[in-house]
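Asker: Chains A and B are the protein sequences, given in the same order.
Per UniProt numbering, the first sequence starts with residue 1, numbered consecutively.
Per UniProt numbering, the second sequence starts with residue 1, numbered consecutively.
Please note: incorrect hints may appear among the correct ones.
Said to hold, decoys possible - Computed cross-link-like contacts, DSSO-like style, restricted to lysine-lysine with a CA-CA straight-line distance of at most 27 Å:
| # | chain 1 | residue 1 | chain 2 | residue 2 |
| --- | --- | --- | --- | --- |
| 1 | B | 188 | A | 117 |
| 2 | A | 117 | B | 111 |
| 3 | A | 197 | B | 195 |
| 4 | A | 117 | A | 33 |
| 5 | B | 111 | A | 137 |
| 6 | A | 140 | B | 186 |
| 7 | A | 161 | B | 126 |
| 8 | A | 117 | B | 126 |
| 9 | B | 195 | A | 48 |
| 10 | B | 195 | A | 140 |
What the hints assert, rightly or not - Reference listing, derived: stretches of chain B covered by chain A, where coverage requires no fewer than 3 residues with Cβ under 8 Å from a Cβ of chain A:
| # | segment |
| --- | --- |
| 11 | 42 to 52 |
| 12 | 62 to 69 |
| 13 | 137 to 148 |
| 14 | 153 to 161 |
| 15 | 210 to 218 |
Please keep in mind that the hints were generated in silico from the structure rather than gathered at the bench.
Only a predicted model underlies this, so the values are computations on that prediction, with no experimental measurement involved.
The beta-carbon is built from N, C-alpha and C at its ideal position, and this holds for glycine as well.
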Amino acid sequence: MLLSALQAGWLSSLLSRTGSTAWSLPALKTRDKGTISKTQQIITHLRKQKYNADYDLSATQGADTLAFVSLLEEKLLPVLIHTFWVDAKNYVEHTRKWYAETVPFPLNFFLPNCMHKRHVERLQLLWGDGYMEDEEKLEKELYRDARECLTLLSQRLGSQKFFFGDSPASLDALVFSRLAPLLKAKLPNGKLQQHLKSLQNLCNYCTSILSLYFPWDGGDPPAGAPRPVGAEGGEAEEEPHKRRNQLLSVVVGLAAMLAYAFLSGIVSIQRGSAGPAARQPIAMEEEEEEEEE
Amino acid sequence: MEVRMKGRPGEPGLARQQLCVCGEQLSAQASAAEPWPENAELYQQLKEEQILLSDNASSLAVQAFLQMCNLPIRVVCRANAEYMSPSGKVPFIHVGNQVVSELGPIVQFVKAKGHSLSDGLDEVQKAEMKAYMELVNNMLLTAELYLQWCDDVTVEEITHPRYGSPYPWPLNRILSYQKQWEVRRKMKAIGWAGKTLDQVLEDVDQCCQALSQRLGTQPYFFNKHPTELDALVFGHLFTILTTQLITDALSEKVKNYSNLTAFCRRIEQQYFEGQDKDGSAAVAARSAKRSLLR
Chain A
1 MLLSALQAGW
11 LSSLLSRTGS
21 TAWSLPALKT
31 RDKGTISKTQ
41 QIITHLRKQK
51 YNADYDLSAT
61 QGADTLAFVS
71 LLEEKLLPVL
81 IHTFWVDAKN
91 YVEHTRKWYA
101 ETVPFPLNFF
111 LPNCMHKRHV
121 ERLQLLWGDG
131 YMEDEEKLEK
141 ELYRDARECL
151 TLLSQRLGSQ
161 KFFFGDSPAS
171 LDALVFSRLA
181 PLLKAKLPNG
191 KLQQHLKSLQ
201 NLCNYCTSIL
211 SLYFPWDGGD
221 PPAGAPRPVG
231 AEGGEAEEEP
241 HKRRNQLLSV
251 VVGLAAMLAY
261 AFLSGIVSIQ
271 RGSAGPAARQ
281 PIAMEEEEEE
291 EEE
Chain B
1 MEVRMKGRPG
11 EPGLARQQLC
21 VCGEQLSAQA
31 SAAEPWPENA
41 ELYQQLKEEQ
51 ILLSDNASSL
61 AVQAFLQMCN
71 LPIRVVCRAN
81 AEYMSPSGKV
91 PFIHVGNQVV
101 SELGPIVQFV
111 KAKGHSLSDG
121 LDEVQKAEMK
131 AYMELVNNML
141 LTAELYLQWC
151 DDVTVEEITH
161 PRYGSPYPWP
171 LNRILSYQKQ
181 WEVRRKMKAI
191 GWAGKTLDQV
201 LEDVDQCCQA
211 LSQRLGTQPY
221 FFNKHPTELD
231 ALVFGHLFTI
241 LTTQLITDAL
251 SEKVKNYSNL
261 TAFCRRIEQQ
271 YFEGQDKDGS
281 AAVAARSAKR
291 SLLR
């Protein structure tokens, strides 16, 4: 029981990173097998180690898990990717900023753009080319489906604590990992977010999992854990990066100015070697004379 | 059966009344309020020589759904059905002056006309029904697409000859390769491109196990009355069971679950047999069985 609860929390912490990145994260470092990446492989690995969140489920509940996972993957996940990565306003004002602040220095300039491109490409393949341009069609069909998916989850959850009663299972980890970023992110264009916030039981569900398994970045996120879920709300988290960025930009600016000055010959450094050294004093004198006049 | 009483074409008054209650979104589609016409048509590719496993399954699912709603439909086969469809996907139905493609939108459309199979379900059941439908789409449909476009032997032996069959030489190859490229790119996007055939079959098995578990000993997925989920599952499983491919691996996976095969037989008997005279879906189902046997 405790084990499964622990694992659900653990998994969701891992899953929460894949939710928005789909990069080679999450990665799990193990002693005997090295680093394992990809969510499914990690879960399989943990299962082999006898960490399984689904021990208590009946066969039918296992079937339901599979069905709801499919529902999430088909209806919600692509729209979530769209909300975070493709929607112009959200991407520029939230996601890109967020990643640029978290990713270390030289990478933060192009990594978010690379990921943006990858996601756009992926959605184009999934939906066909027409959807990305046709705002109305997108809103009408895909966002409607995603909202319906959220409503269905809310109905399925009802007033229960977790999807299968009082103890968490792998489905809870997955649902939480998809919903929590959406709930907590400060998105400028929050169409889907609004709908989630109107489903009270799903919001409570996310908050309770946050406080149960992620006490360090629950309701009031301190700067303790540098993970995406916490980083979204963590103002304290931004501070050191801001300083560093300010410093960096000043340094880069200065460097650029100096480089320009050197290259265009406004300033030149002349060493005290034999040739030019003889002429230098004369030039200096001329300048001084001009100034005096 | 209460659901079907509402849906009978002979009682348009009842259907209209119900529609008025449903509100404004329907008034936008004025024609939605019209009763189901006798000359509704369903379009799909040529049964004998062209249609592929996945399209046949989707088409059969729609036919089963309409049969369950007790709505008459005439199946029309066209070589260019794929290009006639508004979404580029088969099947689509032509009702009055409207054209709707794919099961999901068709269910919505039919519902707007006052026929629904899932009205009797409570909210949790509806959520579960939708989830299981996505499971079928996500696993069975994708596995069918994988098999017919990504398994090299099947592609060469079955898919290319059938897909390009209505067209003359250079065009048939070009169109098949174009489609193959498109499907393979899609597989890459959803992470199926790296899977082996065995892994795909394993997924199918997992999906069938879940469906079998859910069905248990009930006649339909939600006990006594069929829903669109039953239509969808029937469409896919029946097609898989009755289609002869290079190997029997896919149908063997389904055959392991006796309640699923019994379920398919039951729906076939109830909705597709004894309706041969109007030449509709029963023939389609049986000819699918015959034609795809190679």
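Asker: Now look at each hint and say whether the structure bears it out.
Answerer: These are the hints, each one checked on the structure:
Among the hinted pairs, residue 188(B) with residue 117(A) is consistent with the structure: their alpha-carbon atoms are about 15 Å apart, no more than 27 Å. Between the alpha carbons of residue 117(A) and residue 111(B) the distance comes to roughly 39 Å, so the proposed pair goes past 27 Å and is violated. With a C-alpha separation of about 38 Å, the suggested pairing of residue 197(A) with residue 195(B) is violated against the 27 Å cut-off. Simply put, residue 117(A) and residue 33(A) have alpha-carbon atoms about 32 Å apart, too far for the 27 Å limit, and the pair is violated.
The straight-line distance between the Cα atoms of residue 111(B) and residue 137(A) is roughly 21 Å, inside the 27 Å bound, and the hint therefore holds. This hinted pair checks out: residue 140(A) and residue 186(B) have alpha carbons roughly 23 Å apart, not beyond 27 Å. In summary, the hint linking residue 161(A) to residue 126(B) is supported, as the alpha carbons are separated by about 20 Å, within the 27 Å threshold. A C-alpha spacing of about 37 Å is found between residue 117(A) and residue 126(B), which places the hinted pair above 27 Å, so the restraint is violated.
Using a Cα cut-off of 27 Å, the hinted pair residue 195(B) and residue 48(A) holds, with the two alpha carbons roughly 21 Å apart. Restraint check: the Cα-Cα separation between residue 195(B) and residue 140(A) comes to about 33 Å, which exceeds 27 Å; the hinted pair is violated. Look at the segment 42 to 52 of chain B against chain A: 0 of its residues bring a Cβ nearer than 8 Å to a Cβ of that chain, fewer than three, so the hint is violated. For the segment 62 to 69 of chain B, the proposed coverage by chain A is not satisfied: 0 residues have a C-beta within less than 8 Å of a C-beta in that chain, short of the threshold of three.
Residue count for the segment 137 to 148 of chain B with a Cβ under 8 Å from a Cβ of chain A: 3. That meets the three needed, and the coverage hint holds. Under the rule that three or more residues need a Cβ within less than 8 Å of chain A, the assignment of the segment 153 to 161 of chain B is violated, with 0 such residues. Only residues whose beta carbon comes within less than 8 Å of a beta carbon in chain A count, and the segment 210 to 218 of chain B has 5; three or more means the coverage holds.
Hints 2, 3, 4, 8, 10, 11, 12, 14, counting from the list given before, are not met by this structure.
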